[in-house]
Structures are given as C-alpha cells and as structure tokens.
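Enquirer: Sequence:
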Amino acid sequence: MRSPTPSLVGRDSQLALLDQALADTRQGRGGVVFLVGESGVGKSRVAAEAVGGALDAGMRVLRGRSSTTGPAVPFRPLTEALMSLFRSGEPMDDLALGPYRPVLGRLIPDWDTGERDSSSMVILGEAVLRLLIAAGRGQGQLLLLEDLHDADPETLGVLEYLVDNLEYSPVLLLATVRTDFSDALDLAQSARRRGAATLVELPPLTRPQTHEMITAQLGADSPEQVPEAVLERLWEDSSGSPYLVEELLQSMIGAGTLVQGPEGWRAVDNLRSDVSSSLARGILRRIDRLGTQGLTLLSAAAVLGRRFPLTVLQRMTGIDDRALLSHLHAGVAARLVVPDEPAPDWYSFRHSLTVEALFTQMTPSLRADLARRGAEAVEELHPDLAGDWCPLAAGLRSTAGDKVEAGLLFADAGGRALAAGALGSAVTLLSRSESLLADAGDLQSRAMVLENLLPALAEAGDFTRALDLAEDLHALDGSGLSPVRLATLHTRLAKVTHTAGRWSDGNRQIARAREVLATAPDESTAAAIDVTAAYLALDTPGPDRTQHAEKLARSAADTAERHGLPVVACQARELLATVARERDPEESAAMLGQALATAERHRLPLQRMYAATRLGGNAWLADGDTAGLLAVREEALRLGSVNIVHTVDGILVLDAVLRGRYDTARSTAAECMAVVRRLRIAPVVRYVLMAQAVLAAHHVDRAAMEQSLAAFAEWDGAGSQEEALGHGLARAFCALLEEDRDLAREELRQVLALEAGNPSTYHLGGTHGLALLLDVLAGDADRARHKEITATAAARMRWNRQFVLLGDAVLLGRESAGEQAAATVEAAMAVAEPYPLAQHLGLRLIADAAHQDSWGDPVGWLRRAEHYFHERNVQAVTGACRAGLRRLGVSVHQHRTGTSGIPDRLRAQGVTVREFEVFRLLAERLGNKDIADRLFISPRTAEKHIASLVTKTGAANRAELCAWSAALRDA
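This note's numbering applies: residue 18 is where the sequence shown begins, and numbers increase by one.
Accuracy of the hints is not assured; some may be wrong.
[Said to hold, decoys possible] With beta-carbon atoms standing in for the labels, derived distance ranges:
no. : residue 1 : residue 2 : range
1   : 684       : 973       : 48 to 56 Å
2   : 400       : 421       : 13 to 21 Å
3   : 984       : 697       : 57 to 65 Å
4   : 804       : 482       : 51 to 59 Å
5   : 973       : 943       : 14 to 22 Å
6   : 796       : 900       : 50 to 58 Å
7   : 421       : 256       : 40 to 48 Å
None of these hints come from the bench; they were simulated from the model.
Backbone N, C-alpha and C define an ideal beta-carbon position, used for all residues, glycine too.
From just these sequences and the hints, can you work out the full model?
Expert: Pasting the structure below:
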C-alpha cells in the first residue's frame, strides 16, 4: 500500500489490515471490510489509501457513493460503481454471464433490454457477484461503496447477499458507514457477528495524535514548534475529529489568529470563539477568495446537494466551460470540493458543513430561486427524469416552494420504486408526495398518491399511519373525485384493513366502494373490488365463506383476463389456489404457477412474492418442506415486506413446535410477537398465539395453553381461520398427553363443528387425520369412512398422513392382514419422522389394538414410546405405556443413567443398560472372563447377559451377536 499522507495519523493498524485484505484478494481470497466511524473521523481518507494501494498493485477499482440529499434512489451506489466498468474501454459484452446478464439491466443501462425484469434480490445479488468476478480478469477488484449509511434498502439487500458470498472470490468489498443508527450499520454488525465481514472502527484521534496531525498540517517538525494554546484549543474543539482539526486550523489561519513568522507559528489574538460560527466564517472566507462568481457557483452547487452534476450546475448558472473549470479547480485547491471520481462530471463538497455554511449566507428567496433554476435545468437536460433525476428534481421543486410540482414528481418516483418492489424507497417518496400535495390542497393529485401509498404502508407494516391517512377519505368523499378514483381508494383501504386482520372494517369499505361505483359503473374497478372482497369473505365468519370467496375471485379473474389487469389476475388466482388446495393440489399449483408467471411477465415483485409464499406454504403442508418459505422470507426481508416476513415466521414457529424444536419455537415466537403486536398485524398475532398454545400443549402445560388461547380470543379469534387449529393441535393433543382420550375426541368434534360453521383453509386441525385415527380405534369409523377421508387432498398432507396411515394399519389388522398392517405402520413412521412427539404418540395409541388383533410389534412400540415420553417427563403417557407393557406380560425396566445411549432398536427389544455395555464389548470378540474384568462383574453374570441378549435380539448365536455389535460400532 502507498505510504499515507503526512496528515493521515493514528491509522497504522487499519491501513495494515486493509493492506493484508488487498493482498488476500489478489490471491482469490476476497471478503468484506466495513470502515465504521463518526462523521469527519477520516473514513474517506483511509478508503482513499486503500484505493491507492489497490491501483498500485494493478487491481481494478470500482467506486460508488450513496446519495446524501433527498430520498434514497434504489441501487444508486451499485449502479455508479458498475458503470465505471463501461468507461474503462475494455469490452464487457463478452463476459460469461449467461442468463444473469439481462438481470443486470436493472443496474446497467447499457444492458437494459427494455423488458420488465422481476428477478429477486437473491438473483440480482448473484448476477452482481458474477459480474464482479468475471470483470476482474484475474487481477482482483476493489469495490468501494462510500456513505453506506445513506444507502437505499434495495442496495443493502444486494449487499447482504454479496457479504455472504465474497469470501472465496477475487473481490474485496470496502464500505464506509457512520456510527449513527442505520440499516447499513445493522448489516455491518450482523455480518461481523456471523464471521462474514471485518468491521474496522475508526476512533477519534487521541490528544498526541491530534497534536501530531496539527504539526504535519503546519509543516512543523514537532509539536513543540506549534503554540501550546493552539494545540490545546484545537484538541478541545475538535474532540479528535480529523476533519474539524483541518477546518478549525484553516479558520485560525484565515482569521489571522495563527500566523507564521521568521521564528515559526505564533498566536496573535484570542483563539476562543464559537466552534460552529468559527467554522462557518472560516469556510465562507475561503469561498470569498474565489470571487463573486465563485460564490454564486458554489451556492448553486449547495442547493443541488452535497454531490452535484456539472452539466446541471452549468445550465442553471449560465457560466462558460472555462470559468466553470477554473472555479472548480480553485475550489479543489481551497479544500472545499473534490471530484467525485466514480461518476464523471460530478463533484462533491468535502463535508456537509461546507453546504451548511453556504446556506447561512443565502436568503430564503435566493435559495428558492436557485432551486427552481436547478429543477428547470434537470428537466431540460433529462426530460424523461430517469433514475435519480426524478427525486432530485422533486427535491429542488420542494425547496423552491413549488409544492404541487414537487409532489407530482415525488409521486412519479415513488410509483416507480413501488413497481420495482423497493418498498422502503416507495414509502419515503410517496409520503413526501402526499405531504406536499396535502399542504397544497390538491385533492385530486393527493388521491392519486394515496392509491399507491396506502398499500405500500400496509406492506411495510405501518398500519397506524395507513389508517390515519384513511381518516381523510371522509373529506375526499365530497371533494369532486371521480367515482372510479373514490371507489379505488375505498378498495385500497379495504385491502389495508384485511392485511391488518380487521375484516369487519374492510367489509364496510367494500360496501362504500360499491355504493360509489354504482353511480358510474366500471368493470376494471369492479374487478379490483371483487378480488379484495373475496379475501375479506374468506376471513369473515360464515358457513359459506369459501364458496362466496371463490365466486368473487372467479368473477375478478374473468374480468382481469378481459381487461388486462395483471395485479387483479394475480390476486384472484392466489385466492383460488388457496381454496382449491383442499380438493385438488394440482389445480392449486397450476393457479399459483399462472399467478407467478403473470407477476414475472409484468414485473410485479410483490405479487410474485405472494405467489411464491403460497407455493412455499403448499410445499410445507404437503411434505413438511420449509425451503420455499425460507427463500420467500429472505426475499421479503430484502424488499421490506414486513407482512410476508412475519406471516412466514408464524408458520415456522408452528413447524418448529411440531418438529420438537421447542427452544427455537419459543424464541422465534417471542421475537415475532414483539413486532406484530406493536404493528397490530392481527392474522399473524393469532397464528403465533395458536402456535404458542400448541407449544404449551406439547409440554402438557394446560394453564399456559389456555392462557395463549384466551389471548387468541381477544384478537378476534372466534370465527377466524386459526380457531379450529387451537382445538385440534393444542387442546386435543394436550388431552391425549394427559391420557384423556374422551376429552381429545370431544375437542376434535369441536373442530368438526367449527369447520362446518366457518370453513377453514388451514387443514391441520385433525378432521383429516387425528380424528379419523381416534374414531377407528374407538370403532366409530370403518373402512368406508376411512376411504372417504383419504380421498381428500387434505388427508395427503404430511402431518395428517401419518395418522391416516396408522388408522389404515389398525383396520388392516382387524381385517387379518397383519403383515400389511405392520408394513403400513413402518410407512407411517417414515412419514412421521420429522414430528417426534406425534410419531411416538401414534405408537402408543395403536399398540393395544395391535396386541388385540395379534399383529405388528406392540411391545417394541410401547418400549419406544415409553422411553421417549419418560425422557420428556410426560408422566401420564409414560405411565400408560408401562401399564400396557405389564398387561402384555413384559417386564418394565427402571430407567438408569445411560439408557439414552441405547439404540432405538435394542431399546425396543428390552435391552438394559448393563446388557448394552456387554453388547458393545462383543465387538472385540472378548471372552466372558475378559468382559467380566472390564465391567467388574463375575464371568457367570457376563454369561447370563449374553444369553439374555441372544434371546431378546433373536440372534442365532454368540457369533452373530458379535458381528452385529461390530457392525454397529463401525457404522
């Protein structure tokens, strides 16, 4: 690495770390380094040294900077960095990127095909990673992203993927982040905790380091050559901030309080003054030296922002090329501005204080005038206002006081962000627009913005804000809005209330929307009303709610097809898929496939994500597979969809409970509830409370279970989709674990009654599984009833299937098909493998029937179940298993230390701890005396244990027992 500049002090360890990181990157061992420190601490200076070291070593350097003024623009720093690849003159079109090249069109205009791509952030992250690796051409690359604390959520989403995948690549990602709270800082700290990145903190300079920097800045040989009062004043006022040291020192020199004479530097006046005003005066004095035209130029630049484009600056000031460059060079020499290297024709102020100092000498009217001229220049030079030009122009119009124009521009930028799935940016931009238009009294335009803002806020989980805005709909009702627009607003609000779980409020909004639209019928708007009404119908208590919802959704889908309404089409097919899941999984999958294809074709990332969520949910129900849900959750995190993230979390909590991962379930539920209670996302609150009730039931904690179900009821649980699950998965299981089978059956009859009165699209309540098994065991369900249940798609869902198979086995045993019955139990055990409690409870339930009809291995099953429930301190079931074993005439062993180490098969055969100790030594083919010596028992006792082992395991002889022991040891 290059030697640091004389004034870069106190950073030797950080520079050494970066030097090593660059060397590792050149060897193909890249990674991620976050430079973290407060404003002015020298992050950019250290990063500049890294850039110099990389260039000196022949590495390629890509640089991007996040926007520091106005709303964040999706992917800005990444686009800025990657665009430098295309200015290098090297051909980029021959890079082997395959199908990932079109994806990069979102970031690189040169590769934009014009198609509306809807690839996920994961795919985009992989595309960026492949481009970086391919463009490195073996020389290593440094990707520098500065001011990451100002980055948009979408950029951070891509970076999160890069952070986890750069380790074995020839790419080093170096990012600068302030210590102020930000999502970027969270990302950096999270990456450090999991070992995916190095976090380098830049602390303020110490007193000696500050003195050393001052000495270097003044060209002195030692601190003794600088007046002590100057050293102490600068140390006290700067608090070790390198930037403030430089600025205060320049202010002292400019004000004439620190002068250089023949005998060196000396203080000639009172150094005490207000730091902020001193800085401002010092900066303005340096600007004054640039002349009137220089002041005008930099004032205009300040209005554009800390970063400013020369083309816009020249257009708004009318200055010629020569004067423009002359003043900029003078500004660079005065340490006021610097070239913004990643972007040609862009400059930036060295520090935000320079911009603030310029603002202090502007009158409000001058600043407004400059902003208006800046906006006009941007609009003239970039009439389509693509990318970040639109929010820049909007911000300038706002500063100029042109509220309506600014509001419309922010609305345009927000709509683009929402279409791209950039929820965080969309909410920021649309909120700014709504506020400006409300202040301006432009109700028509404001209504247009609310159409996008309301669903964006709901998706981001900000229901309070969304519902607060909804209060204004009463005023808009009489504002002269068209029936279509007013009906659309009521429909959007109905969708918000549905997401929040407030179905009754949603139905009132739907009724109002239909009433308004009746005065001027419109099929497209009616379709949007119908699909939202369908979702509300599915959650509104009533015996025909699924049929009513399906009818509305089919009507909406047909209209969407005729009028080309992709969002409505996706929403309708997603609901139809949910309803169809019970009768035909293939129909459900086809519907979701159509929704997914429509979303991808029309670049609708949120609808794509909802379709993917339902596909993941279907896979979980069918096979217990959570991979699809986890992928959707990761994507939702990157897009900022709070609703989907926590919806998936609720399912994962229940999945963890059913799999016996109780600690995971408990912690995930607590984290999720802390958020969804605050945001009042009622459907998720209910689902997690239901899952917590199931968790308590698995621990036979009836009091805790009932407490969770009582809280569930307070969140409008009665008549909800989740109500039946509370009875079937929680109360029925708790009763079975209390060995109260009659109570369990009563709870399951409650499930049947609830589902008759309020049909549910959640199919794990027991109707298609556990209830059938208990009815078969009680003699209340015959083969015909079994066939009736198994004909349904819900009975083929993995959780239900384990009980359906056990019921089949019991019926086969009664039909004297013992071998087939035993094989069916084995199949049930394979299906139940992810669900240990249900698996062992099933063995306990069928053992008596198997013994009565003389089939299977009831003794082995009871031994397995007894050991499992003893280990988990489920006393009632443990006692029932022991009693069952005694009824079968089998001795029941006391549990001793080491029992858990016995393999399941041997334990089921009744092998004791001491017998297993003997069994393990048989692998060495030891004689009875040697075994006795090892275990401190008599040879006669060893012989008795071996005889017992031969009997219990069914081994032909001792040699076979030895071979089995050796095989188990080597497995």
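Enquirer: Taking the hints in turn, state whether each one holds.
Expert: Against the structure, the hints come out as follows:
{"no.": "1", "hint": "684 - 973: 48 to 56 Å", "in the structure": "holds, 51 Å"}
{"no.": "2", "hint": "400 - 421: 13 to 21 Å", "in the structure": "holds, 19 Å"}
{"no.": "3", "hint": "984 - 697: 57 to 65 Å", "in the structure": "holds, 59 Å"}
{"no.": "4", "hint": "804 - 482: 51 to 59 Å", "in the structure": "holds, 53 Å"}
{"no.": "5", "hint": "973 - 943: 14 to 22 Å", "in the structure": "holds, 19 Å"}
{"no.": "6", "hint": "796 - 900: 50 to 58 Å", "in the structure": "violated, 21 Å"}
{"no.": "7", "hint": "421 - 256: 40 to 48 Å", "in the structure": "holds, 45 Å"}
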